[in-house]
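So the protein sequences, as listed, match chains A and B.
Take the first sequence: its letters are residues 4 to 341, numbered as in this note's numbering.
Take the second sequence: its letters are residues 4 to 341, numbered as in this note's numbering.
Hints in this document: simulated from the structure, not taken from any laboratory.
Take these hints with a grain of salt, some might be off.
Unchecked claim - List of simulated lysine to aspartate or glutamate pairs, EDC-like, C-alpha gap at most 16 Å:
1) B/Lys199 / A/Asp154
2) A/Lys156 / B/Asp154
3) B/Lys156 / A/Asp154
4) B/Lys193 / A/Glu71
5) B/Lys219 / A/Glu244
6) A/Lys141 / B/Asp252
7) A/Lys156 / B/Glu196
To be verified - Restraint ranges, calculated between C-beta atoms of paired labels, are given here:
8) A/Ala140 / B/Thr69: 24 to 32 Å
9) A/Asp329 / B/Lys266: 45 to 53 Å
10) A/Lys156 / B/Lys340: 34 to 42 Å
The C-beta atom is built at its ideal place from N, Cα and C for all residues, glycine as well.
Number of protein chains: 2
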Amino acid sequence: MIRIVVDAMGTDECPLPDVSGAVAAAREYGVEIILVGDEARVRPALEAQNAKDLPIRIVHAPDMLTMEDKGEKLVLKARSKDAKNSMAVGIDLVKKGEADAFVTAGNTGAGMVTALFRLGRIRGVDRPALAPIFPTAKGFCVVLDIGANPDCKPENLAQFAILGSVYAEKVRGVKNPKVGLLSNGEEEGKGNELVKAATPLMKTAPINYYGNVEGKELIGGAVDVAVTDGFTGNVTLKTSEAVAKLITDKIRELIKNGNLITKIGGLLVKPALSEIKTMLNPDEQGAAPMLGINGLVYIAHGRSDAYAIKNAVRVAKEAVEVKVLDAMKSAIEESLKK
Amino acid sequence: MIRIVVDAMGTDECPLPDVSGAVAAAREYGVEIILVGDEARVRPALEAQNAKDLPIRIVHAPDMLTMEDKGEKLVLKARSKDAKNSMAVGIDLVKKGEADAFVTAGNTGAGMVTALFRLGRIRGVDRPALAPIFPTAKGFCVVLDIGANPDCKPENLAQFAILGSVYAEKVRGVKNPKVGLLSNGEEEGKGNELVKAATPLMKTAPINYYGNVEGKELIGGAVDVAVTDGFTGNVTLKTSEAVAKLITDKIRELIKNGNLITKIGGLLVKPALSEIKTMLNPDEQGAAPMLGINGLVYIAHGRSDAYAIKNAVRVAKEAVEVKVLDAMKSAIEESLKK
Numbered sequence: 004m005i006r007i008v009v010d011a012m013g014t015d016e017c018p019l020p021d022v023s024g025a026v027a028a029a030r031e032y033g034v035e036i037i038l039v040g041d042e043a044r045v046r047p048a049l050e051a052q053n054a055k056d057l058p059i060r061i062v063h064a065p066d067m068l069t070m071e072d073k074g075e076k077l078v079l080k081a082r083s084k085d086a087k088n089s090m091a092v093g094i095d096l097v098k099k100g101e102a103d104a105f106v107t108a109g110n111t112g113a114g115m116v117t118a119l120f121r122l123g124r125i126r127g128v129d130r131p132a133l134a135p136i137f138p139t140a141k142g143f144c145v146v147l148d149i150g151a152n153p154d155c156k157p158e159n160l161a162q163f164a165i166l167g168s169v170y171a172e173k174v175r176g177v178k179n180p181k182v183g184l185l186s187n188g189e190e191e192g193k194g195n196e197l198v199k200a201a202t203p204l205m206k207t208a209p210i211n212y213y214g215n216v217e218g219k220e221l222i223g224g225a226v227d228v229a230v231t232d233g234f235t236g237n238v239t240l241k242t243s244e245a246v247a248k249l250i251t252d253k254i255r256e257l258i259k260n261g262n263l264i265t266k267i268g269g270l271l272v273k274p275a276l277s278e279i280k281t282m283l284n285p286d287e288q289g290a291a292p293m294l295g296i297n298g299l300v301y302i303a304h305g306r307s308d309a310y311a312i313k314n315a316v317r318v319a320k321e322a323v324e325v326k327v328l329d330a331m332k333s334a335i336e337e338s339l340k341k
Numbered sequence: 004m005i006r007i008v009v010d011a012m013g014t015d016e017c018p019l020p021d022v023s024g025a026v027a028a029a030r031e032y033g034v035e036i037i038l039v040g041d042e043a044r045v046r047p048a049l050e051a052q053n054a055k056d057l058p059i060r061i062v063h064a065p066d067m068l069t070m071e072d073k074g075e076k077l078v079l080k081a082r083s084k085d086a087k088n089s090m091a092v093g094i095d096l097v098k099k100g101e102a103d104a105f106v107t108a109g110n111t112g113a114g115m116v117t118a119l120f121r122l123g124r125i126r127g128v129d130r131p132a133l134a135p136i137f138p139t140a141k142g143f144c145v146v147l148d149i150g151a152n153p154d155c156k157p158e159n160l161a162q163f164a165i166l167g168s169v170y171a172e173k174v175r176g177v178k179n180p181k182v183g184l185l186s187n188g189e190e191e192g193k194g195n196e197l198v199k200a201a202t203p204l205m206k207t208a209p210i211n212y213y214g215n216v217e218g219k220e221l222i223g224g225a226v227d228v229a230v231t232d233g234f235t236g237n238v239t240l241k242t243s244e245a246v247a248k249l250i251t252d253k254i255r256e257l258i259k260n261g262n263l264i265t266k267i268g269g270l271l272v273k274p275a276l277s278e279i280k281t282m283l284n285p286d287e288q289g290a291a292p293m294l295g296i297n298g299l300v301y302i303a304h305g306r307s308d309a310y311a312i313k314n315a316v317r318v319a320k321e322a323v324e325v326k327v328l329d330a331m332k333s334a335i336e337e338s339l340k341k
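Could you build all of it, start to finish, from the sequences and the hints given here?
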C-alpha cells in the first residue's frame, strides 16, 4: 500500500482541512496516511472524522514552520537534526523509507528549503523547481519553475526541461511530451539573455524540444511542458490565476446585479460556468511537485480546503505508482553521460 | 487642431482598417489626419470612405517595413535619411513638427527601432519602454516594459517608473499614481536580482512608490503603474490575454454546444458577457505608447481593425492635449538633479 505523509499543520485553517482531506484520500484512493503534527490538535481532528477503519496514523511533531520562518532562521530549522516541526518530521519519514511521498500546504519557502536540506537533490540537478499544472485550450501544461529559483542559469533550465518532460510522460501520461522555452517571441533568437543561452542546451537535452513559446502558445496548448525561470513563472502563474478570477468574479457580479432576464439566464448557464470553474480550479490538482528533490514532495496552497488536500494526496500517489522519481534520476543520469 | 500621423501600411489587412479607422477618428474626435503609405493603395481606400469634408491628407511613402525587417537590416532602414517606408516618413513628420503623434499597427520591433533612431530618446532615459494598459478589478494599470527591453538594468526600471507615473497622471487622470514593482512576492526582499537592485532606486525616484506587487495585486488593482523588465512584462501580458481568451472562448463553446436551456441562458446573459469582452478588449485602448522616445509614438496590434485604429488615434490625441511628453521630460530632468 502506498504511504503518503500529510502535514497536518499546513493549511491556513489547519489541522481540519489537512486531516479531513487526508482521510477522504485514504478512503477514496486506498492509500495509507501518516499525519504529522501536534498530536493534541491532530488527534481530535482525526477522531471527528469517523475514520477508525482506515489505515491512518499520527506521528507527533510539536512544532510547525510558519510564514515567519525565512532566511537564516529557516535554514537552521530545516537543517537541524533535532527539528520537531511537522515538515522536518514528515520529510524525514520519506527519507527513512517509511513513507513514499510528503504533502504539505504550509509555507512554500519553508517546504522547499526543508525538502532540499533533508532529502537533498537528485544527482546532476543543481536546483529543484516547483512544477504546477496550467490549464490550456488542449488540456494542461506542466510549467516549471514557478518560484523556487527567481534567478536561474541556462543549465538550470535544461535540467528543468528533463525533469518536467519525465514528469509529464510518467505522471500525466503524455507520450514524448513537447517541451517549450517560455519567451517573448516564438522565433529562435527572441528572448532575454537567459533564454538565448539556454537554447543550445535545450536542443541537446534528451527531450522533445519544441522551441520558444509565447504566452499565447502556452495557454493555447502548443506544448506539454514549459520551462522558465522562477521569477517569470511565478509572476505569470499568479497573474493568470488573477485574470481568471477577475473574469469569473465579474461574470458572477454582472449576473447578480443584472435585471431579471440576466438573472434567469445566469441560472440557466450555471452548469456551463461550473465547468469553467473546474477547469481553472488549482484545487483539482491539489498541489505542485518539487522536481529535482531526491524524494517526492508536493506543495499545496495555504488556502487549500479538504478537497484540495485530497487531490494533492491523489497526485502524490499517482507519482509514486509510476515510479517517477526513479525515471527522473535515470533521465538526468543519461544526460550527464553526453 | 491636433495632427496625428497614421501609418496606412500598418495592419495585417492594410490599408483598409488603417484608413477607415483614421477617417472615423477624424470625424469623431476632430483631429487632423495625415495618412502615410503607398498613395496608389491609400488613395482609393480613402476615396471609398466619403471623407472629402474631413481634414485628411496623404503623404506618399512607397515602401513599408514588414516582419522580415529585423536585426541589422532593420537598423539600416530605420537610420537611413532616404528611407521611404511609411514608418520612417511618418515619424519624420513628427520630428519636423509637422505632426503631433504617430500611430502604427505595423511590426512592433520595426516601429520601436525606427522611432528610436529618428526621434531619439528623452534626455536622461536610457531605454524607452512599451506601456500598454492592463484591465484590473479597479479599472486599469499601466504596465511597462512589455517587450522593448528583454534584459533591463535597475536604472531602466527606475526610469520606466517615472515615465509610467507621469503618463498615468496626465493621460489617465490618476492623481499621485501608485507605482509598484512586479515581483514574485509582496514583501521587500522578495524578487530576482534585478528587482532587489531596483528597489532602492524606486524609493528615491520622484514617484509614489508602493513596493512589490505580485500578479494577484496587479490584476486586483493595487497599483496604477506596474514596472517590470520587457521579458517578464511580455510573457505576462500575452499569457493574461490568452487566459482571458481561453475562458471567454470556452464559455461561448459551452453555451453553443449546450442543451436548449443552456442556449437560452446564453442568450439572456449575452449583454453581461459583452461587458466582460469590452473590459478585456485591447482594441478599446487601440495602441500602447512607447514611453521615453522624444516624441509621441503609439504601437497597435497588427490584427487591429478600424475600431482599434480609431481608438489608437483617440489615445494619441489625449496624450497630445495634456502635453504628456513635456511632463515626462520635466520629471526625468528633475530626477537627474538629485
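Hints, one by one, checked against the model:
1. B/Lys199 / A/Asp154: holds, 11 Å
2. A/Lys156 / B/Asp154: holds, 14 Å
3. B/Lys156 / A/Asp154: holds, 14 Å
4. B/Lys193 / A/Glu71: Holds - the C-alpha atoms of A/Glu71 and B/Lys193 are around 14 Å apart, at most 16 Å.
5. B/Lys219 / A/Glu244: Status holds; Cα separation ~8 Å.
6. A/Lys141 / B/Asp252: Given pair A/Lys141, B/Asp252 holds - Cα atoms ~13 Å apart, limit 16 Å.
7. A/Lys156 / B/Glu196: Holds. A/Lys156 to B/Glu196 sits at ~13 Å (cutoff 16 Å).
8. A/Ala140 / B/Thr69: 24 to 32 Å: holds, 29 Å
9. A/Asp329 / B/Lys266: 45 to 53 Å: Given a distance of about 50 Å, which is inside 45 to 53 Å, the answer is holds.
10. A/Lys156 / B/Lys340: 34 to 42 Å: holds, 39 Å
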